[in-house]
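Trainee: Work the whole structure out from these sequences, hints included.
Residue numbers (our numbering), protein chains in the order written: chain C, 1316 to 2073; chain B, 1316 to 2073.
The hints are simulated quantities; they were obtained by calculation from the structure and are not laboratory data.
There's no promise every hint is true.
Copies of the same chain look alike in the list, so a pair counts if it works inside one copy or between any two.
In silico lysine-lysine, DSBU-like type, Cα no more than 30 Å apart, as pairs [to be verified]: (1) K1912 to K1776; (2) K1541 to K1435; (3) K1410 to K1577; (4) K1912 to K1768; (5) K1761 to K1912; (6) K1911 to K1776; (7) K1962 to K1994; (8) K1911 to K1768; (9) K1698 to K1768; (10) K1984 to K1962; (11) K1761 to K1962; (12) K1761 to K1776.
Since we're looking at a predicted model, the values are computed, not measured.
Protein chains: 2
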Amino acid sequence: MVFVMSRPVYSLLAGVVLLVPFASEPAPIILGFNAQSSQAERDLEAKFRSIPEPARMRDMMQRLSARPHHVGSPYDKQNAEWIRDQFAAFGWDAKIETFDVLFPTPVERAVELVAPTTYKAQLQETTVSVDPTSGQHAEQLPTYNAYSRDGDVTGPLVFVNYGVPADYEELERRGISVRGAIVIAKYGGSWRGIKPKVAAEHGAVGCLIYSDPRDDGYSGGDVFPKGPMRPPQGVQRGSVADMPTFPGDPLTPGVGATKDAKRLAIADAPTITKIPVLPISYGDAQPLLAALGGPTVPGNWRGGLPITYRFGPGAARVHLKVKSDWSLKTLYDVVARLLGTTEADQWVIRGNHHDAWVNGAEDPISGLVAELEEARALGQLSKQGWRPKRTIIYAAWDGEEPGLLGSTEWVEAHATELDQHAVAYLNSDTNDRGYLGMEGSHSLEKFINGVAKDVEDPEAKVSSWKRNQAALILGGQADARGREDLHIGALGSGSDFTPFLQHLGIASLNIGYGGEDDAGIYHSAYDDFYWYTHFSDTSFVYGRALAQAAGIAVLRLANADVIPFAYTNLGETVKTYVTELEHLRDSRAKEIAERKKQIADGLFGIVSDPHAPTTAPHVDSLPPQFNFAPLLNAVDALSGAAAEFDKAYAAWRDRPPVMQASATASATKLAAVNERLVKAERAFLLADGLKNRPWFKHSLYAPGLYTGYGVKTVPGVREAIEQGTWQDVDGEIARVAATIQREAALVRQAAADLASVR
Amino acid sequence: MVFVMSRPVYSLLAGVVLLVPFASEPAPIILGFNAQSSQAERDLEAKFRSIPEPARMRDMMQRLSARPHHVGSPYDKQNAEWIRDQFAAFGWDAKIETFDVLFPTPVERAVELVAPTTYKAQLQETTVSVDPTSGQHAEQLPTYNAYSRDGDVTGPLVFVNYGVPADYEELERRGISVRGAIVIAKYGGSWRGIKPKVAAEHGAVGCLIYSDPRDDGYSGGDVFPKGPMRPPQGVQRGSVADMPTFPGDPLTPGVGATKDAKRLAIADAPTITKIPVLPISYGDAQPLLAALGGPTVPGNWRGGLPITYRFGPGAARVHLKVKSDWSLKTLYDVVARLLGTTEADQWVIRGNHHDAWVNGAEDPISGLVAELEEARALGQLSKQGWRPKRTIIYAAWDGEEPGLLGSTEWVEAHATELDQHAVAYLNSDTNDRGYLGMEGSHSLEKFINGVAKDVEDPEAKVSSWKRNQAALILGGQADARGREDLHIGALGSGSDFTPFLQHLGIASLNIGYGGEDDAGIYHSAYDDFYWYTHFSDTSFVYGRALAQAAGIAVLRLANADVIPFAYTNLGETVKTYVTELEHLRDSRAKEIAERKKQIADGLFGIVSDPHAPTTAPHVDSLPPQFNFAPLLNAVDALSGAAAEFDKAYAAWRDRPPVMQASATASATKLAAVNERLVKAERAFLLADGLKNRPWFKHSLYAPGLYTGYGVKTVPGVREAIEQGTWQDVDGEIARVAATIQREAALVRQAAADLASVR
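Mentor: Take a look at the structure:
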């Protein structure tokens, strides 16, 4: 999977330092350090920064993407062994951990138009002569969606736009049912696994998903190999398991998929789709879409094919067949350690996956080669005698693509230790040219802003932070001039941070560059070395920038005197969430009341066009008022605690060195502060998890039940309001408020401890 | 040309009656009448309403669109004579008035791609076998743009989106110049004549305009003849004269193009284009666009062809040749009168054009047949002994398509009489299915709302007013529930109301149904009887509804005791314009200051992608504060006068009949009120007209200099602020304020006169 960053990036970044230090000013004290230790850290970072080399990243990408390396393939295992050996050569304690997971691979696939004319879909990506790896068909996974159930169905075909719930409301208003039908949806608009889930909920018997050329084909530029965009036979593979219920091995929810783990029967696995699904190319989709009857779709449903897009079905009927090999496959997670000194029991974890759908040069090797160069640089410093305070763990996960398998199983298997020791998790995945995407726990917002201010953008020759800020201001957010920190996005899902953050409550970040190049090779055979070195970060200078950003982040987390969380940012962000939720309730109430009035007044009948009749939409019941007081009180408590912590931290940081009396006593007290801080993010865990998906335990962040990648913040409350389950709202508010109060108490205690450090 | 109504219509309608009368309530008193005269009027309207017949409209459409009938064609003259004879048969005093105008028709046309490959454009609409008139090639005008200068040019090709000024700013930011180039623009986004004007201003040597399939081709539905949309070889003809400077004959600005009128030399005619122009189909455009190099265009520039849209030029070079026959042609305006009784010197004028680009079933015959049925109905009432108080003039204009020639020359030739006698002008043009579009002078807003409340929508079986209101509410304007009158749009240009309203200051309305059907045959050979009777108002029930609406409006204007202007609506609307202008100044100031700061901070350099570099945009100087006081004072004066008028009108209307003492004295005083009201809209005329375009004299309404169809309200002030000519603003405010003060004084005097009627 991938950290998705579309172009332009303006909308993904959100907020900034009023006073940018001039070159002549001394560098500011790094968060978590004091003047003295900050200077030592900067000296270390200067050495670190010079080590990563673009040429090495290029060579490693060529090696790692030379053959298809999906879960279960020979090259996946060979890559894991090679990565382990690299870590070892760099001076790390590296090993491979294995898990055995359900990973279906296709045996039979068919898509055929059977009426009113016939067309048999190719379901095959063509060899491109200039691209040396595109023809490795014998090793390539065929184009398919993993965790589609087996099926052989025939039915009328209906076009459902992106296949999200709002699209089915549009169909319903026109009296078009998908019951017994095969739906065809465009990729995009949600995580792909949402499409068959919603289709099945509406009674469809099969689901096709295709890449429309308007979204990532010729509309955006020349197609591969002339340009970076998706060619007519290019297909997006991908998992369609119900990841928002739980990620990882479908047979071992909540526990590591070790050899002897207790497994569900396949028939009982809740995240496997209810209907068969296949992805197809736009070359294969065009004859199917052109065969549809029914009314023309609205403008925002139309794609870039030279046809009239219609709802269907008319006479169009399709046959869909999917059959997979459902045997278990072995995952190879590479895990490497650099042991800490004084705080060896506190772990800073860094990861990027190594498995791909095919050759995967961009996804995931572009991020992995940065991680490997960080590891080499840290190893080199280590060989020169340096050692981190805290233990650093670098991981190269297997099985991310089918559903975060490698990271999830490892996290589940090591849950007890991680709960005890994990300080933070730093993830990357795809890396391209442009802006530094930063998402994560808001307790790390100030920290990652500080890192971005200290990494140079290789094109603009200003800091990555300043370039992000410029894009935000030009995108219309003039207030980005006045903020000390740019807002970072909250994490939904789509990469390996999910089990760390949302299952175990480990503060997490996801970073990577992107936003300047369009691409149309996602999860296809064309995501390979030829493509990446022609159309993305061709000189690997953004690879180096990512290695610098992530490496500096790891160094700071591992070396800081005080673990660099900042709760003021967290408090402010949670406050905006609560305000959003209050507005959401009010806007939904207003919208529902207005809709009821429109229906009562018969307005939908009055405007219905007899040539294309429509009915009134469905409307929820009116929401009652909710008791937001517990949340508001909790936010106030957190803000108060954060202010106390800031004050104690500033006093500690600015204390003159001459005052340092007993170094040992001081260190002991600081250690107590840090032990508390390690657990700070855990305070947000809900003991019972989210409603109907207990695996997800974080009260602030989760992938949306109907968005998949997209985050829902304060998900228990937000989804209850969005979905109109009013009776749940007050209870969810209380549950979340309790976690925020727990966090506030922890932060207040940490502040008191820190204030006592002399 | 045409009254453009796109689908959905929500955005064109804007506001509504709180209390809808119940069926059991008595019908309200019609505006301009008292209880007694209102009842008589309603009885008359009931008779009138039952006369127009759909079947007759269908027959007339078939007759009038049987052959191409553009200016100068044999069938244009035959149609005029037939229409005159119809009016005469209906009992009207009908005649034809002729004018001799410059109307170029094509002699040579060529468009060829000459590099990097070659393609010769067909420039020919193909015959459609099921469509009996599509093959009348001998009589059809070839596809061309009238008033393109002659030219034979070759140059690089550059794509300019819709070819409006903002598009050239985008090109400039990317360093792409059109100097010496031929530009290719999509139809849409502005009136077509704007495209070559702006292209020439930027140094282009030629201009192609094509119909993109996303705008009116296959994206919207099946193409003709299977569906209503534009087929690959369909072309939109049309005038490209600089109509926002002045419409009508380019050689006789301001005076009627009579035989002996003084004429400009063609070389001196300012409204003829500066560069040659040709329209082409998307079939012909695709090879040209596919040949372009340069960067991919932004998403909002892309169309529906299955190609990557690029800016150009790359290697693409095009040859364009245009040569016309520039001889004068004769216009045949049909003008018919029904003489009034007591107020025969007050004229109510109704018009619709009869000329077309080819067969023109929709444009203009769909509107014309409604007008003819109104005329037949009025004639029938007249034969039964009824006569209007005021004189009714019905006109069928020639030469509207090339640039409102027939109406403009007639208005210019009869300016003195019209200034003296004209009460109002009511226009229609194209008519389709759906919503009653209403635009015009805001002194007629309440009046036309009253008409719309008394016409039944043939599909929804509620009033047209109520259906419009429903669409507005569903479109998000919940406040449309609470208003007494729906807001009507202001008039820009694009049909024959322009000379009446904007040159002579005659209160005008433009009405017509539309908004339910998509169409792609505008100004093509496929706008014919076959198309209209398969894909538009196929049963002519909306033709009947238009005849009812327009006929009732004419009857009310002709019979009212007090001419039915309502100044409260006018005052409110003008007040919103002034508020808009104040906000426009402030938002431009804010935007310019922000842009200057962005440039000063170097942000555009920071975000420029070295693979596709962009520069900072142009920025105007900061606006000073302007003196809006004269406008605000004038608006207050007008609102005050309007309140006085309303009070006097209500007192007159509600006076018990027993109080009517001397009928003669009363009638004389009422006549004095009406004489004043006839001139009320004239108060808005600027003696010197708008800056650089003195033909346009109305201070409130004009087509935009860079929009063409689209209105600019308070144009002198608005365009000065939009274009950054700050030094003009205060002077323009003063000029407009003086006209509003004049209007206020007139209305106050009319109120005093009306109050004195005993």
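Trainee: Indicate, hint by hint, whether the structure satisfies it.
Mentor: Each hint tested on the structure:
For the homomeric pair K1912 and K1776, the shortest alpha-carbon distance between copies (20 Å) is at most 30 Å, but the shortest distance inside one copy (57 Å) is not. With identical chains, the CA atoms of K1541 and K1435 are at most 30 Å apart both within one copy (27 Å) and between copies (26 Å). When the C-alpha separation of K1410 and K1577 is checked against a cutoff of 30 Å, the pair qualifies only within one copy, where the shortest distance is 25 Å, while the shortest distance between copies is 97 Å. Taking identical chains as interchangeable, the C-alpha atoms of K1912 and K1768 lie at most 30 Å apart only when they sit on different chains, with a minimum of 22 Å there against 53 Å within one chain.
Only between protomers do K1761 and K1912 lie at most 30 Å apart by alpha-carbon distance; the minimum there is 26 Å, versus 47 Å within a single protomer. With identical chains, the CA atoms of K1911 and K1776 are at most 30 Å apart between copies only, with a shortest distance of 22 Å across copies and 56 Å within one. In this assembly of identical chains, the alpha carbons of K1962 and K1994 lie at most 30 Å apart only when taken from the same copy (21 Å versus 76 Å across copies). Proximity of K1911 to K1768 under the C-alpha cut-off of 30 Å is restricted to the inter-copy arrangement: shortest distance 25 Å between copies versus 51 Å within a copy.
When the C-alpha separation of K1698 and K1768 is checked against a cutoff of 30 Å, the pair qualifies only within one copy, where the shortest distance is 28 Å, while the shortest distance between copies is 88 Å. Only within a single protomer do K1984 and K1962 lie at most 30 Å apart by alpha-carbon distance; the minimum there is 17 Å, versus 84 Å between protomers. In this assembly of identical chains, K1761 and K1962 lie within 30 Å of each other by CA distance solely inside one copy; the values are 16 Å within and 66 Å between copies. Proximity of K1761 and K1776 under a CA criterion of 30 Å is satisfied intra-copy only: 22 Å inside one chain copy versus 63 Å between copies.
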